[in-house]
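A.B. asks: Sequence:
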Amino acid sequence: MLGTLSMTMAATIVNVAIPDIMGNFGIAQTKAQWLSTGFLAAMAAFMLLSSWVLQTFGMKGAYIGAMVLFMIAAVLGGVSLHEDMVILSRILQGAMAGIIQPLAMTVIFRVFPPEQRGLGMGVYGLGVVLGPAVGPALGGFMVDWLSWRAVFFLPLPACLAGIMFALFFAPARGSEDRMQPFDWTGFTLLCAALGLLLWTLSNGQRLGWGATEILSCGIGALVTSVVFVVWEWHSPRALLAVRIFANPGFAASCLVAFCYGAGLFGSTYLVPLFVQEIQGFSASASGLLLIPAGLAMGLMFPVAGRLSDLYPAPLLIALGATLFAWSCWSLAVIDVYTLPWVIVGWVALGRIGLGLGMPALSTGSLNLLPPHLLSQGAGANNFSRQLGGAMGVNVLAVVLEWRSVGHAAVIAETQTMGNEMTREWLSVMHDSYTAAGASADQIHSLALRQLGEVVWFQGYSQGFQDSFLILALAFAFALIPAWLMRRAGA
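When the letters of the sequence shown are read in order and numbered with the working numbering, they come out as residues 1 to 490.
Check each hint, because a few of them may be wrong.
As the list claims (entries may be wrong) - In silico lysine to aspartate or glutamate, EDC-like type, Cα no more than 16 angstroms apart, as pairs:
no., residue 1, residue 2
1, LYS31, ASP84
2, LYS31, GLU83
3, LYS31, ASP20
Stated by the list, open to error - Have a look at the derived ranges for each label pair, beta carbon to beta carbon:
no., residue 1, residue 2, range
4, ARG237, LEU69, 49 to 55 angstroms
5, LEU167, VAL229, 23 to 29 angstroms
6, PRO302, VAL342, 43 to 49 angstroms
7, ARG237, PRO370, 34 to 40 angstroms
8, LEU156, ALA412, 45 to 51 angstroms
9, HIS234, ASP309, 52 to 58 angstroms
10, ALA378, ARG487, 19 to 25 angstroms
11, GLU424, ALA211, 19 to 25 angstroms
12, SER282, VAL229, 45 to 51 angstroms
13, SER375, PRO292, 45 to 51 angstroms
14, GLU424, ARG487, 35 to 41 angstroms
15, PRO370, ASN24, 48 to 54 angstroms
16, VAL342, MET85, 36 to 42 angstroms
Because the hints were derived from the structure by calculation, they are not lab data.
Predicted model, so just to flag it, every value in this text is computed and none were measured.
Heads up, the beta-carbon is just placed ideally off N, CA and C, and yes, glycines get one too.
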């Protein structure tokens, strides 16, 4: 549980510190989003490495080694003097989180006897829920009281405790644990495809979608992805069982899992950024705002588990997606004047939808596969959800920047002396700066600069609205593969 708590906390804790990191290094939001995207993408890729690490180094060696590297990455991020080093530390953290998360499940089945595994899974589930729920709030307090650097050190006590318990209770390397062949070619192709694709998406707006670098990396991502699929299809020790995607129902379930991951991590990225940048919340207040939503999602899991035994999985998945789409559709109209409790309510509704659909998605997708493919199916489904998280944050960050610039440009075109509201506003600014003792030249430049800031603020606010709208439409689209799952017999 301690390892899981550390990993799930680290996945979301930095989100509340992003505005401070942007200000400290003077970077744009499209680069700052790599703090979340890099973590999630690395976690998705290295989840596929977890089984080989376990077989090669044994339970104790794999767990402790990954935890130590995670702690080194955390310290590196906390003391970094350049934004690229902070991003690199987050990528390393995500890689280790990808290894540790599957290990936690294996630890439960190896350490606990059969009659106590239910208890072990309950404790594990508590860590899964607590991390995202309390992580942003704790991180926010650290940012306000100390510095954004402090959030990198917050998971370290839990990591140290996890290492101590592993030293005494984790099983040592057994005779069955030995180095196994690994699909390093497939792993390299996957990492290259992810890196090229995410870099292309995040830099397309800044460099121009027709720029040579963007076109080259985009084509490289496409070619590498195709080569990866072909390689995995014919590989005798495939990293990712791509053949199971030939099952239409299972492929549809992975598409839904992708959308669920994008919704969970994308909204967790957007909401703290919105309330800090637009509504002026402190980091701690933005973190506290997410606690009710996290608790609502956690409380929904056992209820959803029971409902999945009574009702068809696609029905619960569709209902969950509808609730989340409704939540995002409602968030698409919030602005600087929206009351905090309204935002809390809509975010909580979305989390209830995710909590309702995710257990049914796990069981429904595996019900579509024969028993000998269950382990590969579970891995593919988890990979799809994690990949959706990375892609969701990346795309939403680009949409936010793109729509903010577009809205600001449209608003700026209306700011002429023929606009009565603009004239009145400039007159008020003129009187204010005159009363403050500014000269005539200063008054003109200060008023225009203030007007530019107001225009950008309005455009930025509308950019957030468009981003939530895109997320709502994505979940409306998820109803189609949910229906396909139903047709396939899930």
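A.B. asks: It remains to establish, for every hint, whether it holds in the given structure.
C.D. replies: These are the hints, each one checked on the structure:
Restraint check: the Cα-Cα separation between LYS31 and ASP84 comes to about 9 angstroms, which is no more than 16 angstroms; the hinted pair holds. Distance hint between LYS31 and GLU83 is fulfilled; the C-alpha atoms sit about 9 angstroms from each other, no more than 16 angstroms. For a cut-off of 16 angstroms, the pair hint linking LYS31 to ASP20 stands: about 13 angstroms separates their Cα positions. The hinted range of 49 to 55 angstroms is not satisfied by ARG237 and LEU69, whose Cβ atoms lie roughly 25 angstroms apart.
Between LEU167 and VAL229 the beta carbons are some 41 angstroms apart, a value that contradicts the proposed interval 23 to 29 angstroms. In this structure the hint that PRO302 and VAL342 lie 43 to 49 angstroms apart at CB is violated, the actual value being about 28 angstroms. Taking the beta carbon of each, ARG237 and PRO370 are about 20 angstroms apart, not inside 34 to 40 angstroms as hinted. Between LEU156 and ALA412 the Cβ separation comes to about 46 angstroms, which falls inside the hinted range of 45 to 51 angstroms.
The given range of 52 to 58 angstroms is broken by HIS234 and ASP309, whose C-beta atoms sit roughly 39 angstroms from each other. Judged by the Cβ atoms, the range 19 to 25 angstroms given for ALA378 and ARG487 holds: they are separated by roughly 22 angstroms. At about 42 angstroms, the beta-carbon gap between GLU424 and ALA211 misses the expected band of 19 to 25 angstroms. Against the hinted window of 45 to 51 angstroms, the Cβ-Cβ separation of SER282 and VAL229 comes to about 46 angstroms, which satisfies the hint.
The supplied range of 45 to 51 angstroms is broken by SER375 and PRO292, whose beta-carbon atoms lie about 36 angstroms from each other. A C-beta distance of roughly 60 angstroms is found between GLU424 and ARG487, which places it outside the suggested range of 35 to 41 angstroms. Between PRO370 and ASN24, the C-beta spacing of about 53 angstroms keeps the proposed range 48 to 54 angstroms intact. Taking 36 to 42 angstroms as the suggested C-beta distance range, the pair VAL342 and MET85 conforms, at roughly 39 angstroms.
Figure legend: structure checked against the earlier numbered hints; hints not met, in rising order: 4, 5, 6, 7, 9, 11, 13 and 14.
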